[in-house]
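Colleague: Chain by chain, the residues:
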Amino acid sequence: MATWLFYALIAVLLYGIVGLFQKMATNRISARASVVCCAVGYSLPVPYLLATSGPLTSNFLYVMIAFFVGITSQLGSWFLFASLENGAKASVAVTLTALYPLLTVLLATTLLSERLTALQWFGVFLALVAGAMISYEKPEGTFVKG
Amino acid sequence: MNSSPKWLTYAFCTLFCWGIFGFLSKLGSNKLSPVQMQIFFTVGLLIMTIPALFRSGISASSDKLGLLYGTFTGLFSVIANLAVFAALKEGQASVVQPATGLYPLVTVILAVIILKERMNVIQLAGVILALIALWILSL
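So the sequences go chain by chain: A and B.
Going by this note's numbering, the first sequence opens with residue 6, and the numbers climb by one from there.
Going by this note's numbering, the second sequence opens with residue 65, and the numbers climb by one from there.
The hints are simulated quantities; they were obtained by calculation from the structure and are not laboratory data.
Hints may contain errors.
Said to hold, decoys possible - What the simulated footprint calls covered on chain A by chain B, stretch by stretch (three residues with Cβ under 8 angstroms from a Cβ of chain B suffice, anywhere in the stretch; the number is not a length):
#, segment
1, 20 to 26
2, 55 to 66
3, 93 to 101
4, 104 to 112
To be verified - Lysine-lysine pairs mimicking BS3-like chemistry, simulated, CA-CA at most 30 angstroms apart:
#, chain 1, residue 1, chain 2, residue 2
5, B, K95, A, K94
6, B, K180, B, K128
7, A, K94, B, K70
8, B, K180, B, K95
9, B, K128, A, K94
Stated by the list, open to error - Pair ranges (Cβ atoms, derived):
#, chain 1, residue 1, chain 2, residue 2, range
10, A, N91, B, L203, 23 to 31 angstroms
11, A, S118, B, M183, 37 to 45 angstroms
12, A, L49, B, D127, 42 to 50 angstroms
13, B, R182, A, L124, 32 to 40 angstroms
14, B, A124, A, T115, 24 to 32 angstroms
15, B, L179, A, K94, 30 to 38 angstroms
16, B, L179, A, A123, 24 to 32 angstroms
17, B, A189, A, L124, 16 to 24 angstroms
18, A, M69, B, E154, 28 to 36 angstroms
19, B, I111, A, R120, 33 to 41 angstroms
20, A, K94, B, L195, 24 to 32 angstroms
21, B, L132, A, A56, 38 to 46 angstroms
22, A, A56, B, S125, 29 to 37 angstroms
23, B, L132, A, S118, 44 to 52 angstroms
Virtual Cβ for every residue (Gly too), placed ideally from N, Cα, C.
Next up, chain A with everything else stripped away, as it sits in the complex:
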């Protein structure tokens, strides 16, 4: 098994568990409260990560890139909440936003010159369709990216 696939499968499993906890949390507390709790969860391991990371990079550009990864992740969640609060059906908004890897694929193939085989393109296409289909839910339950 390719190394990237091994890590990707771990991520799928763990994000899947995150989705379950999101459902369980928002059954009991508000979406905003769950986001704050989630941020607390993100913060708890930081001291351990700092202690084990070795010297932090001083490359300002890459620090900013990683910083904006966090910004765009959370900003996307806020926009999704705003969409739902402005009358979006969860079955439509969540399904639509599940297509976000499509933009990543477009950016990576155009700006980073990544090349995919025909079979990989087909796999990517199936993954995007499958992601949207699985995210199709009735309004009472939503998947919000972790």
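We have chain A already, so just place chain B on it with the hints.
Modeller: Okay, now just chain B, sitting in the frame of chain A:
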């Protein structure tokens, strides 16, 4: 002339943000270790969480189990992110992101098993398609 509904604009903003998120994750992971990525990622995420602090409604009487589940979402996300950053270091973003975007596959299955939720026909078809997609991407 009708303009797009506000919710649709917000939904596309989400799609845009998360698409950029996937792309920047690859750019950063090329140079930084997964742990360093996660540290700086957390700083950005916390800054964007500040507005929610004042409107979260969390109080001493809040549902403790709900708060605990919410905290677990963050803890598990940290490990998941580390795995994604590690995957992006090794693989192409154009393959890794669609693959990791299939995580609702696990959520729906767990929700059926643990929460006794029912999967609709579209979701069931999506699960089968996701497994085929993962198999193809693994070739």
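Colleague: Going through the numbered hints above, which ones does this structure break? Give me the numbers in ascending order.
Modeller: 5, 8, 10, 12, 14, 15, 16, 18 and 21
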